[in-house]
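Undergrad: Residue numbers (our numbering), protein chains in the order written: chain A, 1 to 507; chain B, 1 to 302.
Heads up, a few of these hints could be off.
Stated by the list, open to error - Label pairs and their computed distance ranges (CB to CB):
no.: 1; chain 1: B; residue 1: 56; chain 2: A; residue 2: 454; range: 15 to 25 Å
no.: 2; chain 1: B; residue 1: 155; chain 2: A; residue 2: 174; range: 30 to 40 Å
no.: 3; chain 1: B; residue 1: 52; chain 2: A; residue 2: 492; range: 49 to 59 Å
no.: 4; chain 1: B; residue 1: 52; chain 2: A; residue 2: 464; range: 48 to 58 Å
no.: 5; chain 1: B; residue 1: 269; chain 2: A; residue 2: 475; range: 28 to 38 Å
no.: 6; chain 1: B; residue 1: 62; chain 2: A; residue 2: 152; range: 33 to 43 Å
no.: 7; chain 1: A; residue 1: 464; chain 2: B; residue 2: 155; range: 50 to 60 Å
no.: 8; chain 1: B; residue 1: 297; chain 2: A; residue 2: 32; range: 31 to 41 Å
no.: 9; chain 1: A; residue 1: 32; chain 2: B; residue 2: 270; range: 54 to 64 Å
Read the hints as simulated data drawn from the structure, not as lab findings. These figures come from a predicted structure and were not determined experimentally. Each residue gets a CB set at the ideal place from its N, CA and C atoms; glycine is no exception.
Next come the chains, spelled out residue by residue.
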Amino acid sequence: MQTARRISQILFLLCFLGLFLLATYPLETGIPVDLFLHLSPLGQLTAVTAARAWFSGAIVSLVLLALTFILGRFFCGWICPLGTCVDASDNLLKAKSKNRSTSRGLNLPWLKYFLLVVVITAAVLSVQLAGYFDPISIVTRSTATVLYPLFVFAVEGVTGFLSSAPLLESTALKLDAFLRRFLLPVSSASFRGSILFAAVFFGILVLAFAQRRYWCRNLCPLGGMLGFSSKWRGYRRSVTDACTGCGLCEKKCRTGAINADFISTRHTECINCMDCQAVCPAGAVRFGFVKKPETASVDLSKRRLLGAGFTGFLALGLFKTGYQDPVRRGKAIRPPGSLPENAFLDRCVRCGECVRVCSTSGQGLQHAGLEAGWEGLASPVLLPPRGYCEYNCNLCGQVCPTGAIRNLSMPDKQITKMGTAHFDKTHCIPWYYGENCMVCEEHCPIPEKAIKFREERVKTIDGVENTVLLPYVVEDTCVGCGICAVRCPVEGDKGIFVTNAGEQRSS
Amino acid sequence: MDRREFIGRSAQLAALAAVIQKQSVFGSEPASPDLAVAKDGTPGGMVRRAVAELGGMGRFVKRGDVVVVKPNMSWDRLPEQGATTHPDVVREVVTLCFEAGARKVKVFDFTLNEARRCYKRTGIQKAAEEAGAEVQFVQDRKFKAVAFPMGEAIKSWEIYQDVLDADRLINVPAAKHHNVPEAGISLGIKNLMGLIGGNRGQFHRNFARKIVDLSTRVKPDLVVLDAYRMLIRNGPSGGNLSDVVLKKHVIAGTDPVAVDGYGASLFNLQPEKIPYLAEAKMRGLGENDLKKVVIKVIACTS
Chain A
1 MQTARRISQI
11 LFLLCFLGLF
21 LLATYPLETG
31 IPVDLFLHLS
41 PLGQLTAVTA
51 ARAWFSGAIV
61 SLVLLALTFI
71 LGRFFCGWIC
81 PLGTCVDASD
91 NLLKAKSKNR
101 STSRGLNLPW
111 LKYFLLVVVI
121 TAAVLSVQLA
131 GYFDPISIVT
141 RSTATVLYPL
151 FVFAVEGVTG
161 FLSSAPLLES
171 TALKLDAFLR
181 RFLLPVSSAS
191 FRGSILFAAV
201 FFGILVLAFA
211 QRRYWCRNLC
221 PLGGMLGFSS
231 KWRGYRRSVT
241 DACTGCGLCE
251 KKCRTGAINA
261 DFISTRHTEC
271 INCMDCQAVC
281 PAGAVRFGFV
291 KKPETASVDL
301 SKRRLLGAGF
311 TGFLALGLFK
321 TGYQDPVRRG
331 KAIRPPGSLP
341 ENAFLDRCVR
351 CGECVRVCST
361 SGQGLQHAGL
371 EAGWEGLASP
381 VLLPPRGYCE
391 YNCNLCGQVC
401 PTGAIRNLSM
411 PDKQITKMGT
421 AHFDKTHCIP
431 WYYGENCMVC
441 EEHCPIPEKA
451 IKFREERVKT
461 IDGVENTVLL
471 PYVVEDTCVG
481 CGICAVRCPV
491 EGDKGIFVTN
501 AGEQRSS
Chain B
1 MDRREFIGRS
11 AQLAALAAVI
21 QKQSVFGSEP
31 ASPDLAVAKD
41 GTPGGMVRRA
51 VAELGGMGRF
61 VKRGDVVVVK
71 PNMSWDRLPE
81 QGATTHPDVV
91 REVVTLCFEA
101 GARKVKVFDF
111 TLNEARRCYK
121 RTGIQKAAEE
131 AGAEVQFVQD
141 RKFKAVAFPM
151 GEAIKSWEIY
161 QDVLDADRLI
171 NVPAAKHHNV
181 PEAGISLGIK
191 NLMGLIGGNR
201 GQFHRNFARK
211 IVDLSTRVKP
221 DLVVLDAYRM
231 LIRNGPSGGN
241 LSDVVLKKHV
251 IAGTDPVAVD
261 GYGASLFNLQ
271 PEKIPYLAEA
281 KMRGLGENDL
291 KKVVIKVIAC
301 TS
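In isolation and in its complexed conformation, chain A is listed as follows:
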């Protein structure tokens, strides 16, 4: 069973990575690239709760939750890609099962329930916090913004090094072209916040120095949710009379689920990894269905429960009353088809699936800093001139796992206004230098053009009279895609910029 569990972990991790790579143009319909995000009842159900609206994709997570009521935290041990990463890190860093510093208070199994209650309280009060803690959101976001770019950087480094050798150059270029067909992006992107996201992801892995599966047993609120749901599990660990009391199982247990008597189990902590069964020299450990299972207890005192509820309220209050900057807010250009702002923030689980898919297209979507206020931290915003929204692309709406971005038809998407472009007349070449330029108009994807010209006599920057075509934006036609700002040949601050003025948001 231990081998089966390992194979399952590897297969699900490969499946996760495969779906990640498939989240790109051309996204063949029918491939559920956001499958893993649908599996997380934490992300899905808090989105449903915060938004007060049901969406059908969440049903997958209900199935998982129902199975957890019977089988316990099998998801953590057999499926979760972050859990698998943690296991790999534990092995590499030779983590010990027993916490070496229990006395210093590093063993905090109650904390995950505390965080769970914080997240749920916030969701009930209509603020979505799950995205920051949900392991599937974390692993998706980290893969998109940290791991994959690092991987691409390494591969390009190798092919670049090979191509610097005179005899290998053509082979290296051929290899590069070959890899670009499926493994590497056609053009690489950079991601805002990647250093922070890397700190979170590698921070979770480095916790191996404290304990095995440290994140899973102490911090993960999804683990808390599944642990709570395991209270009544029928499928559980039991020990027969053959037990010699050697204690090997307790020593090897990666989640600290085995009590000091080596026989009783904390079923809310057990992730069905089956290690105890494999190591038991007497063959005394069984996993199977128990007829009348006792209800297991969850490690959260009433005092902490109240504290968690209060913290959730506090988070809500701080987010809602935090400083709002109207100018900065204008930079929060949302993906096309985004729900109205409040509903959008309630649904968005910060997974970065839209950012990933956009990085293979116009490369416009990035995780927000404070553009959308504190409540909008890490939600997706379009950031020209870093990138733009590709006119014939509606992939972000297709991959959003919670419907925060609606899945618009192509004709609808093409006329959905995300914002409006504005000329900066102190940078624009015709306006400032008095010379012709039309690169913004050239790239404007609107068939009838949202940038037009009027001919005027102006003075060039040297004071010479010149007839020049001065560009202007047709506000009603402009959708705010931002390609004009990306292609503007002015270096540094561009001659044209986009705000979310006039954005269309409907549910």
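We have chain A already, so just place chain B on it with the hints.
TA: Relative to chain A, chain B alone:
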């Protein structure tokens, strides 16, 4: 270079010199016209006729050559939207190259919309691959800065390695409206911009001089201008079918200025009055006065 290769190359050079001499002494008669204009046929059929009229692809592509074919596939648009070269035009050019003995034909473009979308939706990737061409995405690291000895505004710019390495370059542009200053249209010479890297937007300031500078450094052996469909408004990317007219012309020639001049005339523009063509003529790149160009027009039946 070994002895055999040396003799081969010398013979090629001698033959080339003879052809040039013959043309300068006797004009282009009776061998072949400067421009071959096929009309009213299918896109592929017109390409075949026009190239045949110039003396066949064998005049431009030799056995064993590596050929770069540069269509316009810069935009994420469908063939019928007229913003990109017709896929059948590209297919036919590639086929002709292989019939002439080309060892390898490469088709690519440094696109302006996302590359995979452009390659796929223009239909060119599929058509070119079916004809046997190698169709790869542009790799950033293959742009090499090279000097422009004849350049006036541009002394050096990044050019794509495959172009520098190729034996032959065939330019296969689409004829369309384009608001670029000093042009107003996008034809063959403008299409060369898909072979260069760097901040290409900078080209649009002082466009005529810069684009002519580029033409002094990147010289196609043959231009096949696709005017099967012409985007007459809202170029270069268009989108509305009402901005597209079915013109059913293909123009082939070796003089890039004459080809663009003829293309301009299809938009009812006078080539002599288009600044970049005037600049190109002034700097000796070709003839912008169509009255001085030998043109053969062929009405196709297929």
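Undergrad: Against each hint, give a clear statement of whether it holds in the structure.
TA: Hint by hint, here is what the structure shows:
1. Evaluation of the 15 to 25 Å hint for residue 56/B and residue 454/A yields a failure: the beta carbon distance comes to about 50 Å.
2. Checked against the given bound of 30 to 40 Å, the beta carbons of residue 155/B and residue 174/A, roughly 32 Å apart, stay inside it.
3. Between residue 52/B and residue 492/A the Cβ separation comes to about 52 Å, which falls inside the hinted range of 49 to 59 Å.
4. A beta carbon spacing of about 51 Å between residue 52/B and residue 464/A agrees with the range 48 to 58 Å that was offered as a hint.
5. At about 32 Å, the beta-carbon gap between residue 269/B and residue 475/A stays in the expected band of 28 to 38 Å.
6. At about 40 Å, the beta-carbon gap between residue 62/B and residue 152/A stays in the expected band of 33 to 43 Å.
7. Between residue 464/A and residue 155/B the C-beta distance comes to about 25 Å, which lies outside the given range of 50 to 60 Å.
8. Here the CB-CB span from residue 297/B to residue 32/A is close to 57 Å, at odds with the stated 31 to 41 Å.
9. With their beta carbons about 58 Å apart, residue 32/A and residue 270/B fall inside the hinted range of 54 to 64 Å.
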